[in-house]
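Sequences and hints are given; from them, build the entire structure.
Chains as they are written, first to last, in the numbering used here: chain A, 11 to 178; chain B, 448 to 631.
Take the hints with a grain of salt, since some may be wrong.
[As the list claims (entries may be wrong)] Okay, the calculated bits of chain B under chain A, using three or more residues with CB under 8 angstroms as the criterion:
no.	region
1	498-510
2	522-536
3	617-626
Hints were generated in silico from the structure; no laboratory data involved. Idealized CB from N, CA, C, for every residue including glycine.
In case you want the letters, here they are:
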Amino acid sequence: MNIDKKIVDDLVANDVSFVTTVPCKQLAGVIEEVEAREDIFHIPSNKEDEGMGLCAGAFMGGKRPAIIMQNTAIGVTINTLATLTQFYRLPLPMIISYRGELREPVACQVEMAVHTKALLAQLNIPTYHFHWKDDVKEFDNILKYTFMCNKPVAILTDANFWGGYGDQ
Amino acid sequence: MIRSEILKEIAPILNPHLVVCNIGLPSQELHMIDDNERNFYMLGTMGLSSSIGFGLALAQDKPVISIDGDGSVLTNLGTLPTIANNATGNYTLLIIDNGSYGSTGDQPTYAGMKTNLTNVARACGCENVIEVQDKDLGPVLQEAVDSDQMTIIVCKCDSGNIKLPVITMDPVVIRHRFMEAVKG
Ligand SMILES: Cc1ncc(C[n+]2csc(CCOP(=O)(O)OP(=O)(O)O)c2C)c(N)n1
Ligand SMILES: [Mg+2]
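Printed below as a string of structure tokens:
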């Protein structure tokens, strides 16, 4: 199973057609796959809160959005998650590379990793952690859940899930 | 002219269209002048009016006007390259540039000093950027909305605010009626 392809297949199957991204090394493959698909409008953003604004507008325009970003962006987007996405009850699947977890080679990434789940929990954001390749099987259900409840939902994907940092 | 006078003057031009309005006094003023379901009021999230409006314009065909402020554009400057590189003709960004953070008491912004937002927008790759003085805005805005080319308008005006109550409408109500207007 190719996880990049499976993730994007599930996005398309769930009618997600507007995807914004800020890159992470672990996300390179999935971003490439998003860009390649005709069913998805891919708009890179410069900062993740900007991306969440784009997603809010796209949802109100009738499209299902998603954001692909690194977990460090939780530190960038808390105000937007609380005062826009949650306050106006907007659905937003967040496919997040969970840097700073097992098999991480860059020490600085651990500094935000240790806060990531606590911040998401503090925000009452439903959070799923993909550690094994097989965990991706839950993705389709998570997307359905997100658009059922109109909430931001976090899918944390660590280095082990992607097959080891840089080893893909 | 101050922002509330400008909004009063352009309200009839805005009225038929989808409008995303900046946090604080701009939304309160628009709400007082011409509240309708085609207005999306931002109650928080300074900086994202341009992004929300742009996402909306990309997702459907109706014209969309984002009303933004100089301070808010400065806080989300990354929006301008994104807009420039994904231009869509149904989008108009109206930056009301009063050179200050109006809602918080008119503290000066850098846009009122050495920084020129018109030049910034052009440098970011926006192709159709018009700087206009407050009293001349009406026809420029009308033409921008009517044309099928994306336009960024930087409207230079005076700082200054009027006293107004906050918007007490529930955000989900604002969002719901706006989405009905988008569909309608
Ligand atoms: C992150 C954040 N910082 C500060 C504020 C406070 N704030 C609300 S509106 C505003 C001023 C916005 O200025 P501008 O965009 O120029 O609009 P104006 O009121 O001048 O029309 C500020 C600083 C905020 N809401 N959020
Ligand atoms: Mg201002």
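Please name the hints from earlier in the document that this structure breaks, with their numbers sorted from lowest to highest. none
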